[in-house]
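Residue numbers (my numbering), protein chains in the order written: chain X, 389 to 737; chain F, 1106 to 1738.
One side of the interface only, derived from the structure: several residues of chain F facing chain X at Cβ under 8 Å:
1. 1312
2. 1360
3. 1410
4. 1574
5. 1581
6. 1629
7. 1672
8. 1719
Just so you know, these hints were derived from the structure itself, not from any lab.
All C-beta atoms, glycine included, are put in the ideal place defined by N, C-alpha and C.
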Amino acid sequence: MKHNFIFRGLSLLAFVLLFQSCKEEPLPEPANAYGTGVFVINEGVFQGGTGTVTFINRATLGVQQDVFAQANGRPLGNVGQSMASFGAQGLIVVNNANKVEVVDLKDFKSVGTIEGLALPSEILVPGNSGKAYVTEWVSFSSAGRVSVIDIASRSVIRTITVGEFPNAIALHNNRIYVANSNENTVTEISLNADTVLRTITVGDRPNGFVSQGNSLVVLCGGNPSWTGSETAGSIATITGNQVSIATFPAATFHPTNLTSHPNGNAVLYEVNGAVYSETLPVGANIVPANPVINRGFYHLSLDPTADGLLYGTDARDFASDGWIYRYERNLALKDSLPAGIAPGHIHFR
Amino acid sequence: MKKRSGFFVYALSCVLPVAAQQRDTTVQLAPVQVEAVLPPVQRQPALFTYTPDSLLLRALPAASVADWLQWQGAASLRSYGSAGLATVSVRGSGSQQNAVLWDGLSLLSPLNSTPDFNLLPLWLFSDVQLQTGSSSADFGSGAVGGALHLGQAIPQHSNLSAFVESRSFGDRSAGLAITHRAKNWWYSARGLYRQAENDFPFRNTAKFGAPKQLQQHAATRMGGFLQEAGWQPHPKHRLKLRWWYQAYDRQLPPSMTEALSTATQADSANRVFLSWDYAGQQRSLSYKAAYLKELNHYVDLRTNLDERHRFEAVLQELRLQQSFVGNHQASLLVQQALYRATSPNYDLGVQQQRLALVPGWRWQRARFSTQARLRAEWVDGQLVPVTPSLQHEQRLGNDYELHAAVARNYRLPTLNDLYWRPGGNVNLQPELGWSSELALHKKAQYKGHTFALRSGVFLTEVDNWIIWLPNAQLGFWSPRNVRRVRSWGFEQQLNWSKAIGQLQLRATADYAFVHTTNQQVGAGEASILGKQLIYVPRHQLRGRAFVQYQQHFVGWQFGYNGMRYTSTDNSNFLPGYEQSSLLFGSDIRFKKHLLRLNAGIHNLFNTQFQAVAWRPMPGRHFHINLTYHLHKI
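Given only the sequences and the hints, what does the whole structure look like? Please build it.
What follows is the structure, given as structure tokens:
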């Protein structure tokens, strides 16, 4: 009897070891071409994780997850931040890895890495300039900078000092604008000379741009409450040398996620967990009423191609795969697609 | 001889803070036991307890609690590498849901309640025990998954111990322990110094071609001592005073997916403990008080972050036990705590007061014991839900013991949860849950073989689980009580031993199956409903086998951690891994002198594994140490 008892115990131990979970099924092979489509840059798990890229084929709505790792046999790095493209190459900014991965959009294989950056954030490739502009925080308590990269040689050819925490970057009227998100300024840079032309005062904490005709619309989040000097968000409009600022109704309004409206002549932004539309030009005061989409997103941007769909990402708990919601031109929900962990940027091509 | 002891006391106090003392029990091969003249205050009887194996202590005197838990027990270790944070999950708990107690008083930081088990060196303690299972009624907030007990034995003799150790990757350590025992007083001091480069090679699979590289920016340096003076003026009275100081500096290495790291962290702690015990025929009374002062200093040159997080705590405990006829015993526990904390992430310094009353009753007969407790706690004057517990132990025949327990448990929000700027949520409710467990303990002897098997099942449910989530309206992360988590599974402990002449054989195995899933989630979180929690392996096995012949031993240790999910929807995971180590030791004894030489090979099969995603761990490596004991000076 004693023997049986011991034998059963040992057998049970051995049996449960067999329950080791098997590996999950491999993901399907990536398609051969990434020439056109939608690239979602997923940040990945916050501490020590790795970013991923989700590719969406507009025509088939086929979704491929983690295309970088599948093509290259290694992860993208920590943290996936933003993406731009030039010709047949994609440039992916990886924030905490201090690098830009350059991939061939034919097969998404890495063709090189641009190293030596310091907390890079957003990237802009203006037209056929052959240059890429990357905003870098550099540190948490000093001026940021913009690195000018020669894409062909994959080297930094110039750095331009800007304000603190430069994030958003946009091209407007042949000039480059950088939002210094820890200040109330926007830095204007000459595209040809790569020098600072002027520093423009806007509202507190600018976080997004939309270029509309001769005007550049700048969304400013305002100082959040935890700074101890909470201020209301605002929308600045830069037209030539003129800057007008319209303020939100109360200090508790901290708008984000500025993007173009699908029907033009208006912008969309998010505040207090809903998306609102603001017709251009912006009036003296902004009164968010009647949200056009009654929910918030981690990232919101408009597909500039003929599709003209609005894409909003949902990062959920930032520890599980996120989701993408697509909206028609009339802002009715069209469909939803899966993404990776913390989808924070979308590049349309 | 008295002069010599006095000299050591003097010398020790001169070389603080990095010198000091240790364990007279290391000359024994039995598991560490508390030796006390007075009966120790009874802990809540645990169904499953794990104490460091005496041969493991002997072979690895510089080991931390994290090192130990790799090889023994039912806790799943989440290690960020040799220089990094090491937390545990017990029965599916989060890293904040386990208590760490120093003779019954909580050492958890009120800021984050996340103990780092790398910061707890075994050398400083002679009584270390991991108890799995919920015990909030006894130990208060956070004792949901389990509790780690740290304590000191009262020395019975005047001894001296010292060791030096060298490990791979620039890991050097030295320790000193002295005890002086007089008729009615004693003094002990234990000190440890350890530094390591931790520059081990690994394959960086996050880089093109998976190149072999050396771990960067992972050096550590720690020193600490623990002194105790005790006085027993009367057989029924005992007074103890302790001072534990420790400093730990470390570079924080980058993950495999990061370019570099320039971050460093310095932790220092001053802990003073005073206790008085009285034990009469029918009544016992004890009073404990502790003052804790701790600093966490984080610096990152790259991001220009320089943050100091501090806290002070004054803890007091009064325990009264009264026996009655019929083997009944009533008890009353009163605990009081005052915390003060400062952090650049708080608007102002914050303060928290806690007061707890725990009446209890115990009925013990020859074949059974039943006890019940009820904890009522007030936090800043607000009563948190009352937590009762009921436990029963029953002998069945001569060889079987049945244990059963049911308890309510809770965990208070940390000060970071409440006051972090931005995001702190002062409206958070405590996590609340129920746990139940049933275990059977069997001992048997057969033809010289001795077996002990302990098998148990458990079920725990925690509601109001606190999780930090982005708040779309506020624009930043904030903690909320949104999830309910259920954990069930079973634990098994198997011990076997046999003596053949002077040859002693011994083997043990600890197995745990843990199924921990979200039962209720927040809006938009349907994809994580019913999914296993991240970094909670369903299967975990620890095994050890030792062969001892006269003054020599050989030991083999084995640890297996099953697959662990790394995303809450279970779409990403780390594969399971196993590792082994071989230990050797030999003694030379001459009168009162004992010289021990130990060596070991770790990660025997050079397994490349990650306990936490993209955090490399060392491959095969080695250690050797020499220990000297002078017994009964």
